[in-house]
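Chemist: Below, each chain spelled out in residue letters.
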Amino acid sequence: MCAECGKVQPASAVQDYFAVFGLPRKLAIDTAGLERSFYKLSRKLHPDVYARASAEEQQWSLEQTSLLNDAYRTLKNPVARTEYLLKLEGKPVASEEQAAQDGKPKDSRAPVDMLEEVFELNMQLEEMRMNRKMGEDDPALRGDLEKARQQFEGQLTALDEELKTQWQQWDAAVDAGATDGAEQVKDKMFALLDRRRYIRNLVRDVNDALGA
Amino acid sequence: MVQQEERIVGIDLGTTNSLVAYMQDEQPVVIPGEDGSPLVPSVVAIPAARQPVVGNPARKFLIESPERVVYSAKRLMGRGVEDVQEELKLFPFRMASDLAPGEVIRLQIGEEQFTPPEISALVLRQLKRNAERYFGAPVTKAVITVPAYFNDAQRQATKDAGRMAGLEVLRLVNEPTAAALAYGLDRNKEGIVAVYDLGGGTFDISILKLHEGIFEVIATNGDTHLGGDDIDNLLIAIALDDIQGETGMELRQNGAAIQAIRKAVIEAKIALSSQETARISVDLPNMEPYRREITREQFNQLIQPILARTVEPCLTAIKDAGIQPEQIDEVVLVGGSTRIPAVWQLTSDVFQLAARGKKPHRELNPDEVVALGAAVQANILEGGSKATQDMLLLDVTPLSLGIEALGGVVAKIIQRNSTIPASATEHFTTGVDGQTNVAIHVLQGERELAKDCRSLARFDLKGIPPMAAGLPRIEVKFLIDANGILQVKAREQRSGQEAQIEVKPTYGLTDEQVESMILESFDHAEEDFRERQLIEARNEAENLIAHVEKAPTHAAWKQLTDEERRQIIMLADDLRVLNQSDDRHAIRAATEALDKATGRFAELMMDAAVSDALRGQTMESAGERLGEGPSAPHPFAPAEINEK
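From first to last, the protein sequence lines stand for chains X and G. Okay, so the first sequence: first residue is 1 according to the working numbering, each after it adds one. Okay, so the second sequence: first residue is 213 according to the working numbering, each after it adds one.
Treat the hints with care, as some may be off.
[What the hints assert, rightly or not] Computed footprint of chain G on chain X, listed as stretches where at least three residues anywhere in the stretch have a Cβ under 8 Å from a Cβ of chain G: (1) 18-30; (2) 113-121.
[What the hints assert, rightly or not] Subject to a maximum C-alpha distance of 16 Å in a straight line, what follows is the list of computed EDC-like cross-link-like pairs (lysine to aspartate or glutamate): (3) X:147 to X:160; (4) G:421 to X:35; (5) X:87 to G:602; (6) G:689 to X:70; (7) G:689 to X:63; (8) X:44 to G:602; (9) X:44 to G:424.
If you're looking for bench data, these hints aren't it; they were derived computationally from the structure. Remember, it's a predicted structure, so these values are computed and weren't measured experimentally. Every residue, glycine too, gets a C-beta built ideally from N, C-alpha and C.
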């Protein structure tokens with residue numbers, strides 16, 4: 001926005017999602033405050049406000065608002081926000097949402113400590129699928145899979161907690177201007193997100209096999 | 213002189229009925245048609261060698277010449293012939309015989325062919341005329357509503373129809389969202405609201421968060437092929453079977469008989485919303501009567517499978533919104549089909565309303581609420597009024613946008629339920645040395661494979677500078693605008709060249725085609741309008757003169773002074789002369805002068821005998837009785853002077 005004329009200005013090519021909201025690149029975000037800013041900025045930028053403006057201003061408003069919406073959507077989601085920060089910081093991870101939607105979980109490799117578990121799970125999933133195809137139900141197998149799902153969901157919760165701890169470390173490093181420590185935090189977050197994505201795909205596979 | 217900004221109207225272009233509304237002071241109101249009805253049936257008759265007929269007058273052609281009548285054209289918008297095979301069986305009109313799969317549908321009416329947007333344009337033009345008649349001024353800007361679950365092609369087709377009708381479509385608004393605007397207007401609502409919209413041909417469910425005038429849609433879902441039409445078609449099919457079983461008559465090829473049955477089952481369906489039983493009553497072609505009682509219970513059982521199809525979209529929307537059903541504070545029912553009591557029960561169950569001591573909202577007329585909301589949005593675009601100044605609508609895209617990747621898999625680039633405008637930037641490169649073109653296939657839908665999604669368009673990126681394979685870096689920006697319509701821009705980053713994009717919409721008309729279909733009268737819109745204005749001014753003048761001529765027969769005439777009488781006679785003479793001219797401004801001015809001069813005469817007449825029985829009648833009808841004796845508030849037609 002141009003402060004003087006109050007009109008929309010062209011979106012700057014370098015503006016990142018944090019800058020859209022005037023935020024530093026920190027990860028612990030007050031989402032209620034983020035929502036308030038989103039509404040406030042929407043009232044200023046939305047194409048509805050420029051319905052009678054020039055074609056040029058309308059195009060600016062459109063670009064600004066889409067940037068605002070894209071930024072809000074990314075930052076309000078903790079995982080997407082972390083993924084985005086890592087991308088900005090030169091450590092891009094594959095998007096979890098993307099992976100879940102595209103149905104290509106097979107690309108990612110199992111974390112070493114989970115290899116055995118996953119091997120067994122895959123056998124069970126295969127058996128479950130076969131059963132379903134034949135119209136049979138094996139309650140014991142179903143119970144095992146449900147237990148596995150519960151266990152994975154527990155792991156996801158734990159991962160999220162761990163991620164939040166890393167956020168604080170990251171934010172502290174940003175505040176202190178400490179780039180060395182930050183590098184380590186990024187690596188940790190990268191690994192956490194990688195693992196999180198993998199487990200989420202497992203949960204999805206189990207759900208599919210259970211027909212839930 | 214400051215020119216008053218042109219009004220923006222709100223239009224609900226429905227499957228069964230269409231309406232036009234606008235914001236009068238702080239309240240949205242529906243503009244009636246010439247027959248006084250707020251609803252214009254979305255029915256278009258194309259009689260041989262005559263101008264198209266729209267709305268109620270078109271309906272009578274359904275029995276006379278059903279093959280020349282198009283209804284429910286909305287179901288065909290933005291679709292290919294392969295999508296609509298099922299419904300075509302029940303439509304009386306025919307497709308053009310030379311249609312190729314993937315081509316925009318063309319209907320064959322006599323010797324002429326019409327695309328669905330052209331039919332819709334005729335309906336829109338009628339609404340535009342109704343509004344112009346009402347305002348006494350041209351109307352060229354509109355907000356039009358579409359089902360929330362409409363895809364890009366269906367939205368584009370609606371926008372095209374507006375353009376053909378001579379309307380600049382400033383915004384396409386989703387129907388359930390428009391309904392929420394109408395509902396949220398007079399109350400300062402906060403919280404989570406679900407809008408369940410079951411119309412004639414489409415079903416939508418939208419979940420919104422209302423906060424300080426912001427209407428933020430958080431999830432939407434639906435079915436663009438589900439509505440009252442399906443109930444009608446089911447009942448028709450049952451009646452046809454029944455008739456065949458009882459009389460051996462096979463009427464499936466008999467267009468007129470099907471239309472008669474259609475009318476009868478619709479009447480029965482409507483009756484069952486307020487009665488426990490109804491009778492389907494129709495005279496068959498051999499003049500034998502067909503009568504069949506149907507109870508509400510039977511009806512509910514029959515339509516249960518149709519209504520059940522609305523449940524899954526509701527549950528998906530709730531899940532996508534990331535909430536539990538009990539977090540939804542209010543449920544609003546919209547669309548004519550929500551008059552069916554079984555729908556109240558179903559929504560109460562799905563949203564767990566009864567358990568929480570709540571009921572779905574049905575306060576606003578379900579036929580009008582979408583148009584009223586469109587008027588509210590039109591007012592917001594006009595810059596707002598006291599009623600709408602803090603209101604802002606944030607809507608979402610109903611379907612994920614994706615591009616076809618290797619192996620026919622779809623890579624999603626904008627997820628469904630993203631707030632619009634929304635954008636995504638993707639990078640492409642070449643696979644062969646010196647390649648200068650890259651083809652991109654854009655799709656909409658949730659399935660994993662391209663063949664299961666809706667093909668939107670194929671983009672051909674041209675003019676890529678010849679380089680080694682994999683070297684060009686083409687950045688393509690996909691942007692879904694506030695209407696839910698896709699825009700695409702591409703740039704080759706190494707050379708900085710703007711790549712050209714050739715868009716081939718899969719189910720759409722090209723710009724040139726739309727241009728050629730703009731209703732011819734639009735070329736003459738301004739002249740047409742002036743002509744109509746002149747005719748109206750002359751009619752008013754003649755009316756007034758006729759009344760003045762009768763005045764001396766009235767007792768009140770004698771109560772006027774000589775001067776007053778002389779003035780009236782002189783002004784009436786002036787008006788008679790002017791009425792021969794083409795100057796509508798002069799005619800209107802003279803009409804107004806004469807109307808003023810007769811003001812005291814009118815008062816005297818009123819004093820002489822105010823008949824209670826006539827109070828509340830329109831001035832016009834009261835004026836007609838002038839010769840019959842003393843009567844009315846003001847005997848003369850009002851002169852409306854609202855030029856420029």
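Chemist: It remains to establish, for every hint, whether it holds in the given structure.
Modeler: Status of the hints after comparison with the structure:
1. 18-30: violated (count 0)
2. 113-121: violated (count 0)
3. X:147 to X:160: Roughly 20 Å between the alpha carbons, so the hint for residue 147 of chain X and residue 160 of chain X is violated.
4. G:421 to X:35: holds (12 Å)
5. X:87 to G:602: Not satisfied, since the Cα-Cα distance of roughly 37 Å exceeds 16 Å.
6. G:689 to X:70: Holds, because 13 Å separates the two Cα atoms, which is no more than 16 Å.
7. G:689 to X:63: Holds - the C-alpha atoms of residue 63 of chain X and residue 689 of chain G are around 11 Å apart, at most 16 Å.
8. X:44 to G:602: holds (11 Å)
9. X:44 to G:424: With Cα atoms ~15 Å apart, residue 44 of chain X and residue 424 of chain G stay inside 16 Å; holds.
The structure is inconsistent with the numbered hints 1, 2, 3, 5, although it conforms to all the rest.
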